[in-house]
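First to last, the protein sequences are chains L and R.
The opening position of the first sequence corresponds to residue 1 in this note's numbering, with each subsequent residue numbered one higher.
The opening position of the second sequence corresponds to residue 162 in this note's numbering, with each subsequent residue numbered one higher.
Nothing false has been slipped in among the hints.
Only pairs whose alpha carbons sit at most 27 Å apart, straight line, appear in this in silico DSS-like list of lysine-lysine: (1) R/Lys249 to R/Lys263; (2) L/Lys141 to L/Lys61; (3) R/Lys402 to R/Lys464; (4) R/Lys402 to L/Lys141; (5) L/Lys141 to L/Lys65; (6) R/Lys215 to R/Lys252; (7) L/Lys65 to R/Lys402; (8) L/Lys61 to R/Lys402; (9) R/Lys263 to R/Lys275.
Computed list of chain L residues with no C-beta within reach of chain R, every gap over 10 Å: (10) Leu10; (11) Tyr15; (12) Asp22; (13) Ala96; (14) His99; (15) Gln120; (16) Leu142.
Hints were generated in silico from the structure; no laboratory data involved.
Heads up, the beta-carbon is just placed ideally off N, CA and C, and yes, glycines get one too.
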Amino acid sequence: MIGDITTERLIDFVYGESALLDEARWDDWLNLFAADGIYWMPLTPGQQDARLQTSLLHEDKLLLKIRIERLNGQRTFSQQPASRCHHLLQTPRVQAIDHGAGRYRLRTAFHYVETRRDEQTLYAGWFTHELAREGAHLFIKLKRVDLVNSDAAFGNLQLFM
Amino acid sequence: MPCYQGNPDAIRALVREREVHKDLFTSAELFDVEMRELFETCWVYVGHASQVPKPGDFYTTTVGDQPVVMVRHAPDDIRVLHNRCPHKGVKIAGEACGHTGKFFRCPYHAWTFKTDGSLLGIPLRKGYENTGFDETEARQGMASVGAVRVYRDFVFCRLRAEGIGFEAFFGESLSTLDNMVDRSPEGRLEVAGGVLRYLHRCNWKMLVDNQTDTCHPMVAHESSAGTAVRVWEAAPPGTPKPMAVEQFSPFVSPYEFFERMGIRVWDNGHGHTGVADSIHAAYSPVPGYGEAMVAAYGEARAKAILGDVRHNTVYFPNIMVKGPIQTLRVFKPLAADRTLVESWTFRLVGAPDTLLERTLMYNRLINAPTSVVGHDDLEVYERSQEALASRGREWVNVARLYEGEESGTAVVNGTSERQMRNQYHAWAHFMTVGMNQEVAA
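Go ahead and model the full structure; you've got the sequences and the hints to work with.
Set out below in structure tokens:
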């Protein structure tokens with residue numbers, strides 16, 4: 001059974017995750033997270049501490065669910081009209097495989113475009129995916145998004161990288 | 162065609178008792194006058210002493226449109242200098258913060274300056290002999306700002322050498338800074354956690370106006386805070402309420418809550434929401450903190466400090482302080498339609514880490530460019546900036562609960578727009594007070 005987690009399957013998981021975001025399938029995307037999964041965007045390059053150092057985002061499934069429910073709300077004025085996004089990923093590199101523990105880590109360089117009305121903004125950085133195998137499925141324990149300019153001043157950044 | 166420069170009557174006419182003219186938000190000429198008059202004559206926040214703990218430590222920022230460097234010149238002496246080489250104009254301190262040692266060195270021609278700005282050395286100095294160099298402006302080194310005052314480690318400056326004194330400018334409003342500092346069992350704050358920087362394509366005064374606007378949270382933030390409450394209600398019974406939900410949910414309190422909490426106004430455009438109650442009043446106690454406060458201050462005083470739960474305090478012209486949550490936001494004007502919002506956070510020295518964790522969570526959830534609360538605020542600011550171009554209406558309304566003859570300190574209904582009126586009257590005053598002097602001279 002261990003052998004069914006192949007490098008190819010891990011890489012496909014990362015591509016598939018971004019595809020769900022590009023297709024605005026928010027609920028399906030959230031279902032990729034483990035019950036204790038975290039989405040983290042550090043504020044400073046190389047940041048290790050999410051508790052006593054500020055982050056752009058550090059959200060558990062409850063907060064992510066609030067975000068997603070809000071995107072669908074009738075009175076979410078900053079999404080009238082809605083934003084759209086586009087992910088362009090370099091081939092993910094598998095950094096760690098532990099079949100025994102069912103834990104895997106990948107790192108992926110990306111370009112991300114978020115657009116609304118007539119404007120589009122390009123962001124660049126790296127994803128780190130900490131994945132865990134539960135039964136036959138893979139889940140996200142941690143998705144870390146390191147922007148190359150994470151400490152720059154941004155305007156509204158409304159969707160998920 | 163310029164019409165406001167050197168024309169105090171035209172500027173004063175923009176602020177009526179119950180409405181202000183749209184030019185305050187859209188006119189590039191008025192923005193320029195703001196930089197040359199308002200931000201020169203007011204006391205403006207520069208930074209916090211904990212950012213420059215040792216002599217030679219510096220922090221670079223702007224006051225209005227002026228690049229400055231705040232530097233610790235001696236253990237008890239913080240200076241604020243114009244960050245501009247007197248030689249060719251190069252910005253001398255280039256990093257956001259750092260340590261320069263005993264002197265600054267310009268990266269262009271290696272002119273050096275002591276940390277009080279005075280000129281220390283020039284390579285090949287004999288080239289200036291018998292040139293009359295001593296009579297040039299450059300001989301005086303880096304210019305100091307007009308006046309600096311460090312109040313309980315908060316560093317403020319007035320760009321102009323002459324003008325209103327620090328105490329006269331802030332008066333009783335300093336009690337909010339006092340309360341924030343007193344919340345540390347050791348009576349000391351440190352900048353901590355990192356600063357969130359958020360670009361707004363709107364006029365800086367829209368943000369200042371918003372800080373005491375208590376009729377918008379239940380409308381603009383229904384989508385975020387309201388959703389948080391709804392999602393939380395679906396959690397299984399008995400689940401402990403997360404800190405984040407505790408921070409979101411008061412935003413959608415009913416109008417009556419905000420009416421009751423009250424607004425206090427002071428002279429010179431300062432004021433705060435949350436006199437009797439506030440959205441920060443009902444956070445869960447942090448184990449060990451109350452005990453540390455009682456040990457430091459005694460039961461009665463600790464209770465008084467922690468019982469003062471002021472919501473947003475506006476220090477005119479461009480910062481807002483939240484004492485109970487230890488944040489300070491700076492609304493930095495970049496252009497008539499561009500503002501950089503910096504949200505700073507503080508550690509209460511001697512308090513448990515959980516308080517800093519709470520502060521940082523609040524800052525992230527509410528003030529980040531990724532914040533679901535910030536998104537809707539910025540949306541309405543940017544829609545205002547766009548639609549104020551309309552010639553269908555000329556004025557912006559601030560009439561709510563206007564009582565006539567408003568002046569001085571007062572405590573009023575928490576949904577009053579009196580603090581906004583207070584700010585705009587202070588705006589008209591500090592835009593023109595220096596012009597009057599020039600005319601009189």
